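**Student:** The listed protein sequences correspond, in order, to chains A and B.
Per my numbering, the first sequence runs over residues 828 to 1106.
Per my numbering, the second sequence runs over residues 107 to 336.
Keep in mind that the hints were calculated from the coordinates and are not lab data.
Being a predicted model, the structure only gives us computed values, none of them experimental.
Please note: incorrect hints may appear among the correct ones.
[Claimed, not checked] Here are the computed distance ranges between Cβ atoms for each label pair:
#1 Pro-161(B) - Lys-868(A): 24 to 34 Å
#2 Asn-1045(A) - Ser-211(B): 49 to 59 Å
#3 Asn-1045(A) - Ala-205(B): 50 to 60 Å
#4 Ala-134(B) - Glu-1076(A): 57 to 67 Å
#5 Arg-174(B) - Ile-847(A): 53 to 63 Å
#6 Phe-1049(A) - Asn-283(B): 31 to 41 Å
#7 Ile-1046(A) - Leu-227(B): 51 to 61 Å
#8 Leu-930(A) - Gly-181(B): 54 to 64 Å
#9 Ala-862(A) - Lys-215(B): 45 to 55 Å
#10 Ala-205(B) - Gly-972(A): 47 to 57 Å
#11 Gly-181(B) - Gly-833(A): 39 to 49 Å
#12 Ile-970(A) - Val-332(B): 25 to 35 Å
[What the hints assert, rightly or not] Covered stretches of chain B (in silico footprint by chain A; criterion: 3 or more residues with CB under 8 Å from a CB of chain A, positions within the stretch not fixed):
#13 153 to 163
#14 170 to 181
#15 273 to 287
[What the hints assert, rightly or not] Straight-line distance between alpha carbons at most 30 Å, and here's what the computed DSSO-like set of lysine-lysine pairs gives:
#16 Lys-288(B) - Lys-188(B)
#17 Lys-215(B) - Lys-312(B)
#18 Lys-255(B) - Lys-868(A)
#19 Lys-1079(A) - Lys-291(B)
#20 Lys-331(B) - Lys-868(A)
#21 Lys-312(B) - Lys-980(A)
#22 Lys-291(B) - Lys-1053(A)
#23 Lys-868(A) - Lys-188(B)
#24 Lys-980(A) - Lys-291(B)
#25 Lys-249(B) - Lys-285(B)
#26 Lys-188(B) - Lys-980(A)
#27 Lys-868(A) - Lys-285(B)
#28 Lys-868(A) - Lys-288(B)
#29 Lys-980(A) - Lys-311(B)
#30 Lys-288(B) - Lys-980(A)
#31 Lys-980(A) - Lys-285(B)
#32 Lys-288(B) - Lys-1079(A)
Glycine is no exception: its CB is placed at the ideal position from the N, C-alpha and C atoms.
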Amino acid sequence: MWQLTGIELFKIFKKPRTYIAFAAIAAIVCLIQLAIYVDGKTYLGFILQSLQETFQVNGIILNGYFVCFIVLQTLLVHVPLLIALVSGDIVAGEANMGTLRLLLTKPISRTKLMLSKFFATAVYTIMLLTFMAILALFGSILIFGTGDMINLKSDMVIILDASDVFWRYLAAFGFAALSMLTVSSLAFLLSVFADNAIGPIIGTMAIIIVFTILTTMNIPFFNALKPFLFTNHMLNWKGFFERPVDGTEVLKSAIALVLHILLFVSSAIFIFRKKDILT
Amino acid sequence: MRNVFLFLLFSIFARPLFAQNEAALIKAVKAKLDKVSDYQANGRMSVDVSFINAPASKVVVYYKKPNRFKVNKEGGISILPKGGVSVNINSLLTGDDYAVVPAGSAIIKGIPTKVIKLLPLAETSEVVLTTLYIDEKALLIRKATVTTKESGSYEMELDFGKYATWGLPDKMVFLFNAKDYKMPKGLTFEYEKGNTKKEETLKNKKGRVEVNYNSYIINKGISDKVFAGK
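Taking the hints into account, I'd like the entire structure generated from these sequences.
**Tutor:** In structure tokens, the structure reads:
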């Protein structure tokens, strides 16, 4: 299995499109950090406006932890597209190139082949998140230093002690990995149905956009649907920055995401096993 | 009839005499506080406001005459209510530009106190009215309420201990009216998640800041740089 996964990873990293995601993330993170470094005080003045009407806020707010939080909030909405670029291509791309039928002539079960492909996309997803974590967290700490973190919510201001923040980021990145693996498994499932990578990539994004719109709209009819939308659970990485952490809510969301991953991957394997491979 | 006339006469003419006594008391308290030119104090501060969730933390408080005051949390963020005197007793009696009005007596935490109202004479003054509850024996301000033009009213309760001779408290509780806090969800990247949890009503709640001082370093000089910037 490891050998098969290794081969799949080799194929993934042989394609130039794989590196688009890394370049895009590096560009966005560096641009946000540069913008905050140059004009962070204006941004801070704007977002603290309401609080500073009544309170005097002292201390270094613009530190690495705060900047990383801004980066994550901005970026985690867009990362699914970068993940779908590779995961949506993993089966459909081979079908498009005509290598899938050839691959299946090898004495490997279809289940093993599909699992190795999924593991490869999972490794890619985790590598991308790790890259993002290094740039966003450690990069920001290097540039802006550490300190207490202020988490500005729409109706609450949470201040976290500097010594109490790092573990939260590790946990949040762990949770983000689960979220992104859900996206990856969805693109993987859609990839089984297509003979061209564009369909699964656009399909994945379309589903995420529609679900996100349903998540964002505060209409009672949609509110009933929200617990069943995986995009709703994907946002709960922020739960680690509450004080205290709402463990039940975060755990519920983590379980929901794991169940989605299992459902998408097992459906993909089931369909692929039954599928008549013609390309 | 004659007695009533004498009583009225006494009331009218004796009132300034009482006010003179109160003014002398204020002067004595001020003289006590004036012994402190500057101080640096270590303490622990906790903020209790409905929309602020912050841990209690160690702070260093700096004061320098006439009214420079700063609360500093090493490498951290501190949030304090805005106000003319902030969380600082020494600024209450800055200057002499106020009229002293006696307002009877009251018991604060079992200690008898004189109630004195200070009315600023300057029309531009941010403070409209200050009410002081002064422990006459110890010459200490046990409680103060301040009404301002812009920042609403606030209240200070003070407990004294080993630094009472300097007029500096061991514990100070600062109560104020916290305005409602709201930020657009688009700005905080929040989404409606359809949670069933009921949101608490955050409006019109009293805020509370408590500072427990462990030690003071008094009159050893503090650089102006300490008060510069954020």
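**Student:** Decide, hint by hint, whether the structure agrees.
**Tutor:** Evaluated hints:
1. Between Pro-161(B) and Lys-868(A) the C-beta distance comes to about 25 Å, which sits within the given range of 24 to 34 Å.
2. In this structure the hint that Asn-1045(A) and Ser-211(B) lie 49 to 59 Å apart at CB holds, the actual value being about 56 Å.
3. At roughly 55 Å, the beta carbons of Asn-1045(A) and Ala-205(B) sit within the given window of 50 to 60 Å.
4. The given range of 57 to 67 Å is respected by Ala-134(B) and Glu-1076(A), whose C-beta atoms sit roughly 58 Å from each other.
5. Look at Arg-174(B) against Ile-847(A): about 55 Å separates their beta carbons, and that is inside 53 to 63 Å.
6. About 38 Å separates the C-beta atoms of Phe-1049(A) and Asn-283(B), a value consistent with the hinted range of 31 to 41 Å.
7. At about 59 Å, the CB distance of Ile-1046(A) to Leu-227(B) agrees with the hint of 51 to 61 Å.
8. Range check, Leu-930(A) to Gly-181(B): Cβ separation about 56 Å, and the 54 to 64 Å hint holds.
9. A hinted range of 45 to 55 Å holds for the C-beta pair Ala-862(A) and Lys-215(B), which are about 53 Å apart.
10. Evaluation of the 47 to 57 Å hint for Ala-205(B) and Gly-972(A) yields a pass: the beta carbon distance comes to about 50 Å.
11. Separated by about 45 Å at the C-beta atoms, Gly-181(B) and Gly-833(A) satisfy the suggested range of 39 to 49 Å.
12. In this structure the supplied range 25 to 35 Å holds for Ile-970(A) paired with Val-332(B), their Cβ-Cβ distance being about 26 Å.
13. By the rule of at least three residues with a Cβ nearer than 8 Å to a Cβ of chain A, the coverage given for the stretch 153 to 163 of chain B holds, with 6 such residues.
14. Counting residues of the stretch 170 to 181 of chain B whose C-beta lies closer than 8 Å to any C-beta of chain A gives 5; at least three are required, and the coverage claim holds.
15. Here the stretch 273 to 287 of chain B counts 3 residues with a CB under 8 Å from a CB of chain A, which clears the bar of 3, and the coverage holds.
16. At most 30 Å may separate the alpha-carbon atoms for a hinted pair to count; Lys-288(B) and Lys-188(B) meet this at roughly 18 Å.
17. Between Lys-215(B) and Lys-312(B) the alpha-carbon distance is near 21 Å, which keeps this suggested pair within the 30 Å criterion.
18. Between Lys-255(B) and Lys-868(A), the direct Cα distance comes to roughly 29 Å. Compliance with the 30 Å bound is thereby established for this hinted pair.
19. Of the pairs offered as hints, the one joining Lys-1079(A) and Lys-291(B) holds, with about 24 Å between alpha carbons and a cut-off of 30 Å not exceeded.
20. Using a Cα cut-off of 30 Å, the hinted pair Lys-331(B) and Lys-868(A) holds, with the two alpha carbons roughly 21 Å apart.
21. Taking the CA atoms of Lys-312(B) and Lys-980(A), the gap is near 20 Å; set against the 30 Å cutoff, the hint holds.
22. Proposed proximity of Lys-291(B) and Lys-1053(A) is supported: the alpha carbons are some 18 Å apart, at most 30 Å.
23. Our distance criterion of 30 Å between C-alpha atoms is met by Lys-868(A) and Lys-188(B), whose separation comes to about 20 Å.
24. A hinted pair counts as satisfied when its Cα atoms are at most 30 Å apart, and Lys-980(A) with Lys-291(B) qualifies at roughly 8 Å.
25. Annotation: proposed proximity of Lys-249(B) to Lys-285(B) holds, straight-line Cα distance about 23 Å (limit 30 Å).
26. Restraint check: the Cα-Cα separation between Lys-188(B) and Lys-980(A) comes to about 21 Å, which is no more than 30 Å; the hinted pair holds.
27. Note on Lys-868(A) and Lys-285(B): the hinted pairing holds, with a Cα-Cα distance of about 24 Å set against a maximum of 30 Å.
28. Distance restraint check for Lys-868(A) and Lys-288(B): the Cα-Cα separation of roughly 20 Å lies within the 30 Å cut-off, and the hinted pair is therefore satisfied.
29. Under the criterion of a C-alpha separation no larger than 30 Å, the hint pairing Lys-980(A) with Lys-311(B) is consistent with the structure, at around 19 Å.
30. Proposed proximity of Lys-288(B) and Lys-980(A) is supported: the alpha carbons are some 8 Å apart, at most 30 Å.
31. Of the pairs offered as hints, the one joining Lys-980(A) and Lys-285(B) holds, with about 16 Å between alpha carbons and a cut-off of 30 Å not exceeded.
32. For the proposed pair Lys-288(B) and Lys-1079(A), the alpha carbon gap of about 28 Å is at most 30 Å, so the pair holds.
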